[in-house]
Amino acid sequence: MTIQILGGGCAKCQKLAENAQAAINDSGLQAQVEKITDSDRIMEMGVMITPALAIDGQVKSSGKVLDKSEIARLIGA
Amino acid sequence: MTSGKGLSANARLAVLAGVFLFFYFTPLSSPLISASLREAFLLLAEYAREHVLLCLIPAFFIAGAIMVFLNQQAVIRYLGPSANKVVSYSVASVSGSILAVCSCTVLPIFKGIYKKGAGIGPAVSFLYSGPAINILAIVLTAKVLGLRLGIARAIGAILFAFVIGLLMHLIYRREDAARATDERLFAVSQPEALRPLWQEGVFLFSMIGVLVFLNWAPSAGTMPVWDGIYRFKYVIVGVFALLLLVSLLRWFRRQEIGQWVSATRDFALQVLPLLFIGVLVAGFLLGRPGQRALIPESWIAALVGGNSLRANLFAAAAGALMYFATLTEVPIMQGLLGAGMGQGPSLALLLAGPSLSLPSILVIGGELGWKKTVTYVILVVAMSALAGLLYGLIP
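Which chain is which? The protein sequence lines are A and B, in order. Numbering follows the numbering used here, with no gaps: position 25 of the first sequence is 25. Offset between the second sequence (1-based) and the numbering used here: plus 77.
Bear in mind the hints are in silico, worked out from the structure with no lab data behind them. Careful: at least some of the hints might be erroneous.
Partial pick of chain B residues on the chain A-facing surface, computed with a CB cut under 7 Å [unchecked claim]:
hint, residue
1, G189
2, R261
3, S324
4, P373
List of simulated lysine-lysine pairs, BS3-like, C-alpha gap at most 30 Å [claimed, not checked]:
hint, chain 1, residue 1, chain 2, residue 2
5, A, K35, A, K15
6, B, K188, A, K60
7, B, K188, A, K64
Covered stretches of chain A (chain B as the covering partner; in silico rule of three or more C-beta atoms under 8 Å from a C-beta of chain B) [said to hold, decoys possible]:
hint, region
8, 29-35
9, 44-58
Computed from a predicted model, the values in this text were never measured in an experiment. Glycine included, each C-beta is placed from N, C-alpha and C at the ideal position.
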């Protein structure tokens, strides 16, 4: 499983990526975090308000910094 | 940016040598430099005493609430390819205060509206209005530079956003037709509302009430009603604070309040350090109103004093090229006004300044192409100068 963090690299995107990594570490699942910073690719995924979080290409949330427990729920940990 | 660690020992020595050389050669004991340094700290003290606690902190809470509680997707919906055009322009002109509370979100949203949504007109409206009508900037302008200039700035910014967007659309409407729009970006994906809208309205309204009446200034006898309100301002603030407390306890979950407080904290951390540096620099260069600092007042008065067309144009063009970190335009304007800048040129600079800067022009150029970017910049500068000229005529 790949958790994708969509965003140009602002502070909030960093925070979201950290939270995602923490959620993976806690869950013990086999997953990695991928950062998508290219704005054309972000738009192709149907996202305009960053930071957004997608799992294997499926956008789950946009415009929010989800915390660790919310991400854990999304990845089913 | 974490200093020192990434540098080699020699580089660190060079930095150290630079610092010593700076202090060796700077004539710190000259009356002008010491007076300027004094002004820098006195201006910072003025901000700490008068503006941060009562004005900025409540405004941070409001900005945090806007970010956490308002459904941004509900606003975005009106900027899609099939949205009603009049509605699109209106929403884009005011939505800056809702969507652009973080500057890093402006560009992706702009690009989305331009390429996949309502087109170049509303996209430019949004691009202009984003930084110009953010709530923190308007509030601090009204508090520090006076209510009149604050209101003129807010109205001017909204009006400009609408008109500039519309003009861009009229100029470039032919190219606009050939875009591949994508409705998906503008779909409403979060239908579940946590509470009725009016409850969020009461919550926001009570915060704005606290902010407004906490900063109520007396009119010194010219308006009895105004002074009457001033006498009871803490009672009124108390009523609004009580309303705020009740709405928080009754309608909001603990987790949401936590998110709100941490969003507010992040704002303060993002904005305050830059503002403090901006105040120090403005104080050092320009001084408090009526006080001489490094830059002679005669220069300022010669360039942007009075209300001539030249002064307004110069202020608008300078503002368009200069980069202001969030809110730092306010202490700089305060210094310039104190040093003899006219009211008209001040408004011109405030309207052209925060929305445009040399770095942002370069980035916009990459997205829009040079022809459209130059048109946009010229429109902003010309309209700002014109608005300044008209505003300066008001006695």
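Hints and how they fare:
Against a cut-off of 7 Å between C-beta atoms, the interface hint on B:G189 holds, since the closest Cβ of chain A lies about 4 Å away. The criterion of a C-beta within 7 Å of any C-beta in chain A is met by B:R261, whose closest approach is roughly 5 Å, and the hint holds. Given the 7 Å rule on beta carbons, the hint for B:S324 is violated: about 22 Å separates it from the nearest Cβ of chain A. For B:P373, the shortest C-beta to C-beta distance to chain A is roughly 40 Å, which exceeds 7 Å, and the interface hint is violated.
Note on A:K35 and A:K15: the hinted pairing holds, with a Cα-Cα distance of about 12 Å set against a maximum of 30 Å. Under the criterion of a C-alpha separation no larger than 30 Å, the hint pairing B:K188 with A:K60 is consistent with the structure, at around 21 Å. Using a Cα cut-off of 30 Å, the hinted pair B:K188 and A:K64 holds, with the two alpha carbons roughly 19 Å apart. For the region 29-35 of chain A, the stated coverage by chain B is not satisfied: 0 residues place a CB nearer than 8 Å to a CB of that chain, which falls below the threshold of 3.
With 5 residues carrying a beta carbon less than 8 Å from a beta carbon of chain B, the region 44-58 of chain A meets the three-residue requirement, and the given coverage holds.
Checked against the numbered hints listed earlier, the structure breaks hints 3, 4 and 8; every other hint is satisfied.
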